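The whole structure should be built from the sequences, with the hints applied where relevant.
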Amino acid sequence: MLELKNLTKTYGHQNVVRDVSLVIGKGEFFCLLGPSGCGKTTILRMIAGFEKVSAGNILLDGVDITERAPYQRDVNTVFQNYALFPNFDVYDNIAYSLMIKKRAAEEIAERVEKVVKLAGLTGFEKRMPGQLSGGQQQRVALARALINEPRILLLDEPLSALDKKIAEQTRMELAELQRKVGITFVFVTHNQVEALALADRIAVMNNGIIEQCDQPREIYEHPRSHFVADFIGSMNVLKGIITESNPLITHVELEDVGMIRLSKSDNQETGKPVIFCIRPERMKVSLIEPKEYENSLKGVIRSKVYLGDVTHYQVELHGGKLIKVIAQNYLLQLSNEFYELGEEVFINWSQTSGELINA
Amino acid sequence: MRKLFKIKEFHLLLFPPAFWLLLFFIVPLIIVLIYSVSFRELYGGVKTGFTLEHYKEIGSEMYLKIFLRSIGYATITTLITLLIAFPVSYFMAFASNRTKTILMLLIIIPFWTSFLIRMYALMTIMGESGLVNQLLMTTGIIKEPLALFNNAFSVYTGFVYWNLPFMILPILSSLDRLDTSLLEASLDLGATKTETFFRITLPYSIPGLVAGVIFVFVPTMGNFIIPEFMGGTDNYMIGNLITSQYVHARNWPFGSAMSVVMIFFVMIFISLYLRFYNPSKNKGLLTI
Numbered sequence: 001m002l003e004l005k006n007l008t009k010t011y012g013h014q015n016v017v018r019d020v021s022l023v024i025g026k027g028e029f030f031c032l033l034g035p036s037g038c039g040k041t042t043i044l045r046m047i048a049g050f051e052k053v054s055a056g057n058i059l060l061d062g063v064d065i066t067e068r069a070p071y072q073r074d075v076n077t078v079f080q081n082y083a084l085f086p087n088f089d090v091y092d093n094i095a096y097s098l099m100i101k102k103r104a105a106e107e108i109a110e111r112v113e114k115v116v117k118l119a120g121l122t123g124f125e126k127r128m129p130g131q132l133s134g135g136q137q138q139r140v141a142l143a144r145a146l147i148n149e150p151r152i153l154l155l156d157e158p159l160s161a162l163d164k165k166i167a168e169q170t171r172m173e174l175a176e177l178q179r180k181v182g183i184t185f186v187f188v189t190h191n192q193v194e195a196l197a198l199a200d201r202i203a204v205m206n207n208g209i210i211e212q213c214d215q216p217r218e219i220y221e222h223p224r225s226h227f228v229a230d231f232i233g234s235m236n237v238l239k240g241i242i243t244e245s246n247p248l249i250t251h252v253e254l255e256d257v258g259m260i261r262l263s264k265s266d267n268q269e270t271g272k273p274v275i276f277c278i279r280p281e282r283m284k285v286s287l288i289e290p291k292e293y294e295n296s297l298k299g300v301i302r303s304k305v306y307l308g309d310v311t312h313y314q315v316e317l318h319g320g321k322l323i324k325v326i327a328q329n330y331l332l333q334l335s336n337e338f339y340e341l342g343e344e345v346f347i348n349w350s351q352t353s354g355e356l357i358n359a
Numbered sequence: 001m002r003k004l005f006k007i008k009e010f011h012l013l014l015f016p017p018a019f020w021l022l023l024f025f026i027v028p029l030i031i032v033l034i035y036s037v038s039f040r041e042l043y044g045g046v047k048t049g050f051t052l053e054h055y056k057e058i059g060s061e062m063y064l065k066i067f068l069r070s071i072g073y074a075t076i077t078t079l080i081t082l083l084i085a086f087p088v089s090y091f092m093a094f095a096s097n098r099t100k101t102i103l104m105l106l107i108i109i110p111f112w113t114s115f116l117i118r119m120y121a122l123m124t125i126m127g128e129s130g131l132v133n134q135l136l137m138t139t140g141i142i143k144e145p146l147a148l149f150n151n152a153f154s155v156y157t158g159f160v161y162w163n164l165p166f167m168i169l170p171i172l173s174s175l176d177r178l179d180t181s182l183l184e185a186s187l188d189l190g191a192t193k194t195e196t197f198f199r200i201t202l203p204y205s206i207p208g209l210v211a212g213v214i215f216v217f218v219p220t221m222g223n224f225i226i227p228e229f230m231g232g233t234d235n236y237m238i239g240n241l242i243t244s245q246y247v248h249a250r251n252w253p254f255g256s257a258m259s260v261v262m263i264f265f266v267m268i269f270i271s272l273y274l275r276f277y278n279p280s281k282n283k284g285l286l287t288i
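Residue numbers (our numbering), protein chains in the order written: chain A, 1 to 359; chain B, 1 to 288.
In case anyone wonders, no lab produced these hints; they're calculated from the structure. Source: prediction; values computed, not measured. Quick reminder that beta carbons are idealized off the backbone N, C-alpha and C, glycines included. It cannot be assumed that every hint is accurate.
[What the hints assert, rightly or not] With a cut-off of at most 30 Å between alpha-carbon atoms, the simulated DSBU-like pairs for lysine-lysine come out as follows:
id, chain 1, residue 1, chain 2, residue 2
1, A, LYS102, A, LYS126
2, A, LYS272, A, LYS321
3, B, LYS47, B, LYS65
4, B, LYS193, A, LYS126
5, A, LYS5, B, LYS65
6, A, LYS239, A, LYS272
7, A, LYS52, B, LYS100
8, A, LYS102, B, LYS193
9, A, LYS304, A, LYS239
10, A, LYS102, A, LYS26
11, A, LYS114, B, LYS193
12, B, LYS47, A, LYS52
13, B, LYS47, A, LYS101
14, A, LYS321, A, LYS239
[What the hints assert, rightly or not] Here are some chain A residues the structure puts well away from chain B; computed CB gaps all over 10 Å:
id, residue
15, HIS13
16, THR77
17, VAL193
18, GLU221
19, LYS298
[Claimed, not checked] Incomplete in silico selection of chain B near chain A, CB under 8 Å:
id, residue
20, GLU61
21, MET62
22, ASN133
23, ALA185
24, LEU187
25, GLY190
26, THR192
27, ILE200
28, PRO203
29, PRO207
Right, here's the structure in full:
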C-alpha cells in the first residue's frame, strides 16, 4: 500500500504539487491523469525518489520512505523515453539491477529468462537498444523494471512515444501484464483514453492538486469539478442558477438558454450559481416534440461530421450557444432520421441525464 | 544521373584541403624523410645520399634519455590533466546553463591571449621572486623562496595549464550528451551514485576521454616551448632537441631523423590506443 500524505513540491515560489494526499491499494492499477504541467510527473518522481519532497510524507506499506535515496526504495520506474542503457544489450539492460546486487550468474540468467518471456522479448536478448522498435524498447524498459518484483511500478507516460496502433495494442498487454504480476502500477498520462481504459482508479490533476479521484466510470459519468468535466471526454458545459429544488426535481435557469429540469436532486439551495454538464452522446437531435420526462432546446444544425460509427452535430441555440450532440449512425438509420445543415431541430435529453457542478 | 552529378560537384570541394595537405603536410614529410637519410655538409647544408648514421646516433645514451623523458613527461602530463579535467567536465555537464556558459567562457578566454604571453605570465607567477613565492614569504609561511621554476614541477605546471582545455572540452561534449534519465534509471534499479558513475557515466565519457588523451599526449610529446621556458636545460625534451638540431647545430639530417622517429612513435601510440578502444566493443569496461 502506498500512501501520500500532504505531499507538496515547491520550485522557488512555484507550487508544483500542493498538499496532495492519496492512498493507493496493493495490486491497484492507479492512474495520475492531467494536462502537462499539472504536477503528475513530479508526484511520480517524488515516489521514485528523484525529486526531494518539499513537505509531506510518502509511506510504503506503512514505512516512511520520504527521505530514502532512489536505490533504497522498493519501487521501479518505466521512463517516458525508456532510458535504456545504450551500451548494454537487452539482456544486460534487464539484468542490470541483479548485477548491481551481485547475484549469482545462474540466478540472473533464470530470472532474466522468466521476465523476457513475460514481456514477449524472447530472441531479442542480444540486440542493442538502438536496434529495437519503440514497442520493443518499451517492453525492455518494462522487463528491466519488473525483474526486481518491486512493490510499486511507476510508469511515466510509457505509451506516449508509440504509434497509435502499437500504443493501443501495448495498452492491452500492459493491463494483462499487471493482472498477471499483481504489482501495484502507478501510471502517469495526459491521455484520458489510456487512463479510462487501464486504470482501476484515476486521479485527475490540475495545477498541482487532485481535482477528483475515483473509478473511471465515476470520473466520466459524474465529474465533480468544472475542470474534470471539461478535461475528460467531450462535454457541453452551460452556466445557470438553481431556481427551484426539492427532493424530486431541480429547476435550473441556464444563461441565454432557458429553464431545464433535473430529476435527480440532492437538495441544492435556490439561487445558487451552478454549471450544468451533459455529454454529447446523452442528447438527441430530433424533429419530435419532447416527452414530459425530457428536457428540450431548439436550435439550428450548424455542422455535421460523419465519422462512420457516429455523427457529430453542432447545434446553435437561439441564444447563440453551440451544443455538441453525438448520434449513433445505426440508430439514425433504424429510425430513418437524417438531418441537414440549417435544419431547425429539437435537442432532447432525459431529465436523469447531466450533472450539476458548483460554479 | 542527377544524383551522381551532384556527388561529383560535391567532391570538388575536397580539392582545396587535399591540395593544402599535399603541399604543407605530405611534401614536407617526404622531405624530412629524405633528409633523415642524407649526409650533412660541413656548414649546415644537406647532401643527398643514403646513410643510416643519424638513426644510429639517436640510439646513444644521451638522446635515448631525452626520448624517454619526453614519453614520461607526455604520459604523466596526460594523466594529471585527465585527473583535473574530468571533474571539471563532469561538473559543467550537470551545471545549469548559466554556470556552464560562464565556465566555458573562463576556459576559452585564455585562448584570446598569445600562448607566449601566457607562458611569460606563468614565469612571472612562479619565478623565484614571483607572485607565489612573495605571497608565501610575506605571510611568513616560508623563509626561503621555493624552487618552483626550472624543474620538472614547472614543466608539468606549464603542460597541464596549456592542455586542460583540450581535455575538458572533448570530455564535456561526451558527458553533455548523457541523458540524465539514464542515471536516474540506474539509481532506480538499485545502483548507488558511485556504482552509477562507474557503470554508466564513465563508460559514456570514454569517446571524449579518448579524444582528449590524444589531443593532450601528442602535442605534449613534441612541444619544445614549455620545456624551454619553464624547464631549463635539465628538462629538455625531444622537441627541444629537434629544434636545436635545426636552428643551432644546423644538423638538419639528424633533426630530421629524430623527427621521423618521433612521428613513428606517436603513430604507434595512436594506433594502439585506437585499437584498444573500440566504441562498439567497450562493453568490457561497462561490466567492470
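A quick look at each hint next to the structure:
no., hint, result
1, LYS102(A) to LYS126(A), "21 Å, holds"
2, LYS272(A) to LYS321(A), "22 Å, holds"
3, LYS47(B) to LYS65(B), "29 Å, holds"
4, LYS193(B) to LYS126(A), "27 Å, holds"
5, LYS5(A) to LYS65(B), "72 Å, violated"
6, LYS239(A) to LYS272(A), "11 Å, holds"
7, LYS52(A) to LYS100(B), "24 Å, holds"
8, LYS102(A) to LYS193(B), "16 Å, holds"
9, LYS304(A) to LYS239(A), "25 Å, holds"
10, LYS102(A) to LYS26(A), "29 Å, holds"
11, LYS114(A) to LYS193(B), "28 Å, holds"
12, LYS47(B) to LYS52(A), "76 Å, violated"
13, LYS47(B) to LYS101(A), "70 Å, violated"
14, LYS321(A) to LYS239(A), "11 Å, holds"
15, HIS13, "18 Å, holds"
16, THR77, "5 Å, violated"
17, VAL193, "25 Å, holds"
18, GLU221, "37 Å, holds"
19, LYS298, "56 Å, holds"
20, GLU61, "47 Å, violated"
21, MET62, "47 Å, violated"
22, ASN133, "47 Å, violated"
23, ALA185, "4 Å, holds"
24, LEU187, "4 Å, holds"
25, GLY190, "5 Å, holds"
26, THR192, "6 Å, holds"
27, ILE200, "7 Å, holds"
28, PRO203, "6 Å, holds"
29, PRO207, "11 Å, violated"
When the structure is compared with the earlier hints, violations turn up for hints 5, 12, 13, 16, 20, 21, 22 and 29 and for no others.
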